[in-house]
Every structure is written in C-alpha cells, then in structure tokens.
Amino acid sequence: MYGALWRALPGPVWVRLLLLIALIAVALYVLGTVVFPWVQSFIETQEVTVEE
Amino acid sequence: MLPSSPTAPAVRRRGNARKPAPRVTVVGVIGELLVTGGVLVLLFLVWQLWLNDAVLRAEQDSKAAQLSESWEAGVPEVAEESADPVVPVLLAEPDDAEVFGILRVPRFGADYAAQLAGGVSTSRTLNPLGLGHYPGTQMPGELGNFAVAGHRNSHGKPLNAIGELHVGDAIIVEVPEGWYTYRFRTLEYVEPSGVGVLNPVPQVDAVEASDSIITLTSCNPAFSTAERIIAYGALESWTPRAAGPPASLTETMEG
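Residue numbers (our numbering), protein chains in the order written: chain A, 1 to 52; chain B, 53 to 307.
By construction, these hints were calculated from the structure, which means they are not laboratory data.
Warning: the hint list may mix true and false statements.
As the list claims (entries may be wrong) - From the structure, some residues in chain A lie toward chain B, with a derived Cβ separation under 10 Å:
| # | residue |
| --- | --- |
| 1 | Trp14 |
| 2 | Val48 |
| 3 | Glu51 |
What the hints assert, rightly or not - Derived list of chain B stretches under chain A, where covered just means 3 residues or more per stretch with a C-beta under 8 Å from a C-beta of chain A:
| # | region |
| --- | --- |
| 4 | 92–98 |
| 5 | 111–125 |
| 6 | 167–181 |
| 7 | 193–204 |
| 8 | 247–254 |
Stated by the list, open to error - Okay, the calculated beta carbon distance ranges per label pair:
| # | chain 1 | residue 1 | chain 2 | residue 2 | range |
| --- | --- | --- | --- | --- | --- |
| 9 | B | Ala294 | A | Val26 | 52 to 60 Å |
| 10 | B | Gly126 | A | Val26 | 26 to 34 Å |
| 11 | B | Asp257 | A | Trp38 | 21 to 29 Å |
Where a beta carbon is used, it is the ideal one built from N, C-alpha and C, also for glycine.
This is chain A alone, in the form it adopts within the complex (with noise of 0.2 Å):
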C-alpha cells in the first residue's frame, strides 16, 4: 500500500520524499483540524461532573 504509494510518487528520490512530506503535513493538518475534534464528541475521556 505504502510501497504502491511511493512508486506513484514522480521524479527523483528527493523530489519523492519533499511530496511525501507534503502529503503527511497535509494529512496532519485534516486529523488535528477535523478528524480529531469529530472522534472526540464521541468519545468522553473524562467525566468531571458528579450526576445522578
């Protein structure tokens, strides 16, 4: 998968590595903006109230 990944990348191996980086930024970039805030509202790590 990550092998098929970097055969598609273009060009030489430096130019492979610059996309690859990219594409991991930007990855980054949608879990910490989008993903995670989203699993959060289902997940409630913690519970600080006292209730019934």
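Take the given structure of chain A and dock chain B to it, following the hints.
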C-alpha cells in the same frame, strides 16, 4: 514509510540492478492498515493530551485576561452600588455557556486565570470555555454552595493541580463588580454519583446554609472516570472593584 515490506517476494534480494515491483498482497495491506491505525491512535492521544490542551489553555488564558481588562475599564458603572466592602454582590445565575467570572488560584500559578461559565455540559461549557457552574447551586457570595466543575487533564485542564491545594490557599472568583476570596479547606473523594457535594451544606440534606462555600469537582484519579475529586473552600472576604485587587491575588506560595 519505506517500500520494503515483509511480504515482498524474496526475489528482490538477489536482483538489485532492476527490482521487480513487489506485489501488493492482502496480508500486506492489512498489516499496513493495522500499523496505520496504531499510529493514528497515538497521534490522537498526543493531540488530545498535549496539542489541543495547550491550544485551548492559551485561548482560555487570553480570553480571561481580556475579560478582566474590560471589567477593569468599566469600573464606574458598578462602583457606586457595590462599594460596600462587607456585603458581596450577588450575581444572577448565568445562562448556559455564558461566561460570568474568572477563577484565580495563586497556587495554580501567579497568572492562572480560568473562565467560569454557566452549566456543566462538556460540549458547550467544559470543553470549549473552561470551568462550569452547576445550575441550581448558589452563586458566589451567596449563603450555600457555589459549585464548579472543570477538566483535570486535556481541554486546557483548568483544575489540573486541584490535588495540590494546601489548607488556606486562596481561591478567588473575579466578576465585573469585584473579587470573592475563598480559602481552601479540604479535599474529598466521591463516587461519580456523589451529588451530595452540591448541596448548600455539602453531604447534608435539607439543612439551611449558614456559610458561603465554593466546591470544585474534577475527575479522579487523573485521566480516569472512576471517581471525582472535590475541593472545598470557605468565603473569606469580598473586595469591590473600586477597592482594587485583593492581596490574596498576589500571595506567594511556599512549600
């Protein structure tokens, strides 16, 4: 991730001049998906416990500071009627997610400031704003119990150091009209259903309150949902805005 995978054909090791493209196998893809899933879980934890926490802490700090400044600037409107240094101003109960005050605790840091808002809903108050006031409990300065909940870890963790309070530590509630200074008395640990801590006289039913206290609730142990940690404080004094910030705000901490 590098292209070599454990499932790549052994042929690759021999021919290094021209590598044949490794086959994509079902097992290989499943393995990579599992590894990816693990990495995502770790990233989520890093995001929640440090990154998002730090972002929210900074956001809440700057909002609290702005709020405090705007109250300072608006002194004249409220100074007249509330200049009584003995009788504290009583606020009306805030709406859900309405910020009405700032909690300051020198033990938590000289510049510690956490917003106080109405309600204890995680999605509307505790996660985005900071501390939440239990609806139905009393307001600061009132006879009875001013009960507040807040995160101990993540989401800016306003009550992170709740377990480190010392007897006599100042717990200050700042509102537009002035400052209520409470003194920390004791900690208590209860079951998640221990709503007795919210009574006007904590843990006692149907008794008329004769003291003004503050109650802070958070999770215990840290990172857990098993129990709740409760911190109680008793009202010591009221300082109207016109009299300037109380000395309790700048207490130095030793020990």
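Evaluation of the provided hints:
no.	hint	result
1	Trp14	violated, 15 Å
2	Val48	holds, 5 Å
3	Glu51	holds, 6 Å
4	92–98	holds (count 3)
5	111–125	violated (count 0)
6	167–181	holds (count 4)
7	193–204	holds (count 4)
8	247–254	holds (count 3)
9	B:Ala294 to A:Val26: 52 to 60 Å	holds, 54 Å
10	B:Gly126 to A:Val26: 26 to 34 Å	violated, 45 Å
11	B:Asp257 to A:Trp38: 21 to 29 Å	violated, 42 Å
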